[in-house]
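K.L.:
Each chain, letter by letter, is given below.
There are 2 protein chains.
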Amino acid sequence: MLNFTYKNQTEILFGKGQLSEVPARLPKEAKVLFLYGGGSIKQNGVYEQVVTALEGIEVVEFAGVEPNPEFETLMKAVRVARETEVNFILAVGGGSVIDGAKFIAAAVNFDGDTWDILTKGASFENPLPVGAVLTLPATGSESNGNSVVTRKETAQKLPFSSESLQPQFAVLDPEFTYSLPARQISNGVVDAFVHVIEQYLTYPVNAPLQDRFAEGILQTLIEVGPLALDHPTDYDVRANVMWSATMALNGLIGKGVPQDWSTHMIGHELTALHGLDHAVTLAIVLPALMYVQRDQKKVKILQLGERVFGIDNGSEDERIDLTIKAVQDFFESMQVATRLSDHSIAESSIDNIVANLERNGMTALGEHGDIDLDKARQILTLAA
Amino acid sequence: MLNFTYKNQTEILFGKGQLSEVPARLPKEAKVLFLYGGGSIKQNGVYEQVVTALEGIEVVEFAGVEPNPEFETLMKAVRVARETEVNFILAVGGGSVIDGAKFIAAAVNFDGDTWDILTKGASFENPLPVGAVLTLPATGSESNGNSVVTRKETAQKLPFSSESLQPQFAVLDPEFTYSLPARQISNGVVDAFVHVIEQYLTYPVNAPLQDRFAEGILQTLIEVGPLALDHPTDYDVRANVMWSATMALNGLIGKGVPQDWSTHMIGHELTALHGLDHAVTLAIVLPALMYVQRDQKKVKILQLGERVFGIDNGSEDERIDLTIKAVQDFFESMQVATRLSDHSIAESSIDNIVANLERNGMTALGEHGDIDLDKARQILTLAA
Chain G
0 MLNFTYKNQT
10 EILFGKGQLS
20 EVPARLPKEA
30 KVLFLYGGGS
40 IKQNGVYEQV
50 VTALEGIEVV
60 EFAGVEPNPE
70 FETLMKAVRV
80 ARETEVNFIL
90 AVGGGSVIDG
100 AKFIAAAVNF
110 DGDTWDILTK
120 GASFENPLPV
130 GAVLTLPATG
140 SESNGNSVVT
150 RKETAQKLPF
160 SSESLQPQFA
170 VLDPEFTYSL
180 PARQISNGVV
190 DAFVHVIEQY
200 LTYPVNAPLQ
210 DRFAEGILQT
220 LIEVGPLALD
230 HPTDYDVRAN
240 VMWSATMALN
250 GLIGKGVPQD
260 WSTHMIGHEL
270 TALHGLDHAV
280 TLAIVLPALM
290 YVQRDQKKVK
300 ILQLGERVFG
310 IDNGSEDERI
320 DLTIKAVQDF
330 FESMQVATRL
340 SDHSIAESSI
350 DNIVANLERN
360 GMTALGEHGD
370 IDLDKARQIL
380 TLAA
Chain S
0 MLNFTYKNQT
10 EILFGKGQLS
20 EVPARLPKEA
30 KVLFLYGGGS
40 IKQNGVYEQV
50 VTALEGIEVV
60 EFAGVEPNPE
70 FETLMKAVRV
80 ARETEVNFIL
90 AVGGGSVIDG
100 AKFIAAAVNF
110 DGDTWDILTK
120 GASFENPLPV
130 GAVLTLPATG
140 SESNGNSVVT
150 RKETAQKLPF
160 SSESLQPQFA
170 VLDPEFTYSL
180 PARQISNGVV
190 DAFVHVIEQY
200 LTYPVNAPLQ
210 DRFAEGILQT
220 LIEVGPLALD
230 HPTDYDVRAN
240 VMWSATMALN
250 GLIGKGVPQD
260 WSTHMIGHEL
270 TALHGLDHAV
280 TLAIVLPALM
290 YVQRDQKKVK
300 ILQLGERVFG
310 IDNGSEDERI
320 DLTIKAVQDF
330 FESMQVATRL
340 SDHSIAESSI
350 DNIVANLERN
360 GMTALGEHGD
370 IDLDKARQIL
380 TLAA
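If you read the protein sequences in the order shown, they are chains G and S.
Under numbering that gives the first Met the number 0, the first sequence has 75 at position 76, and the numbering climbs by one with no breaks.
Under numbering that gives the first Met the number 0, the second sequence has 277 at position 278, and the numbering climbs by one with no breaks.
There may be inaccurate statements among the hints.
Since copy identity is lost for identical chains, a pair holds within one copy or between any two.
In silico DSS-like pairs for lysine-lysine, Cα to Cα no more than 27 Å straight-line [as the list claims (entries may be wrong)]: (1) K15 <-> K254; (2) K15 <-> K119; (3) K324 <-> K374; (4) K75 <-> K119; (5) K27 <-> K151; (6) K75 <-> K151.
If you're looking for bench data, these hints aren't it; they were derived computationally from the structure.
All chains should be modelled from the sequences, with the hints used to inform the complete structure.
P.N.:
Quick look at the structure:
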């Protein structure tokens, strides 16, 4: 096992009615930036519930944070936050809104070009505190310090991370997910599944408990993911998807083990250039990446096959093939297609995608740093 | 799944050499009460390493916290802490030293009879901050708010708990466990195993991820426990025992599910009256309790049998019997005996044990509150 430090400061408020716990957790004399997305929370009643919960507290609303939150939009919110002198950001939505809140929190008191936070890792001070009300289980953003921001004009989608941006609390009420479109549940389950894989599917370092935890999340997602599509208002099913997605990326399962975030990094370019949903990009990249990295990841692919998919017959090569197919089949069962061609992206676009990887410095990905631009091309070609 | 709130504020510093991280985490102008036990840390070099790490920091030593820490001893430490005006307690040892540190932290600024904290749940203010350097993986005390204190003169062993007492950091260096006597490793593995069982073996509430996590810890303990006895200086084996014991009782796996701490509560009386090691009492009580509560716990015992011990043949009754035997066999394989008679405790002592349970108000234990004094007697008789 590798050395690690671990703490997760986010207080999880899980279950029906937990929104009522929010006011007690705001600063004294709170002035809250209430941040949300495209208005779905106005249709499903969550907006009204938040307004009711915040009664008597000074609130500034900012709506319109889009999926893959846009730098431009977030900078508008930063200007509002500065002008109104809010002292807390309450993000109500999915990973995009929460990621956006983190960027706003970091940028409000930043002198200079805030784009540097993303491109140059510029350090920032005194970020605003953030809280989250999650409506879409997927990214784990509600209890980690990660954020990804997109800039359309330059076709860039860039991650940054800071413990200081991690939400102080996160309300996880499964009922808030009942009205989600099927596509968002599909995406969320695939996103969480791949988060686990990227902390698990590397090489063994004798960390059996981390392995069991990772496998436990995968098994649970496989069990409840399809049910969540068929039974949108089954409380327990939605609760189990929600808790799995949070545990998938709150830092715990990746402690003490190697990680490989190359599927995300390659996927980001597909969103930046072709506008694909984040999870869709992962479902395209991962199976091809497993195929190309089958030697490096052999031991763990075999373990995944046996423990999660019950694949224990055949030669090693056969079992690896079957395990890759099982992952692909799971994505398809969640109604997420796994090929570039399914989204009308031609093989001829691969050059552009690889060029973007190069521009963003993604030239040595993977747990061994051996996924260079040639391998990325190989992976994308296999996924064509 | 049941509603829950969850946060774990302890920063885990895991691995070789992490002791050097401690000074940066102490208060400014720190004056540290360095609390430890019977002196084993002087033999294994941990004492020297702590002294070196704390060089330049004002330190007051207090040694002699015993296993099942004594109220009298801890009150001596409280007087030292008051006189010397320390502002931080660094507990170096196993669960007993850390539990003791929590009581001292609570008692230092308490007006009145500090025994009331244990017997009457008296509230306390401004506890001292606590940090932990763990030398014995077992109780999970290094990252929870629980503490158990014993008073020999009244034959009482009483738990209390407060989030405010949870260590701010915990150093988990597997090398610090190399020199532990086999008996302490045996006890630690059994203690951690039972902690998991008490958050898992109740009735299903459709919380599959919590189940998988619990099963994952049990599987890991079964895998590495015996190895830890055979290979005391295998770093990874000790690391995996250590991480499993911490995860067993840092609150996570018990969130959103029913719990049943009756094995601990009955076991505490065996220690209070007969001085048995804590883990030994659990190994005696649990199998008998599973037998007596086999109907109430049926679904989860069958699941435990199938998923953890691979028992999937035979009638339900047969599988339940086999599962109870498998638990018992695991304890015995860890060299912990499972009967009162193995410790020369006669059946005639059971009256006294039951009387102590009554005195301490332990008359409606278990996830259904249906373990009354009659059932406790039945359990103890079965374990005779």
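K.L.:
All hints are to be evaluated individually against the structure, with a verdict given for each.
P.N.:
Now the hints, each set against the structure:
1. K15 <-> K254: between (31 Å within a copy, 15 Å between copies)
2. K15 <-> K119: neither (41 Å within a copy, 33 Å between copies)
3. K324 <-> K374: within (20 Å within a copy, 52 Å between copies)
4. K75 <-> K119: within (21 Å within a copy, 55 Å between copies)
5. K27 <-> K151: So K27 and K151 fail the 27 Å test inside a copy (38 Å) and across (47 Å) alike.
6. K75 <-> K151: So K75 and K151 pass the 27 Å test inside one copy only (15 Å; across, 66 Å).
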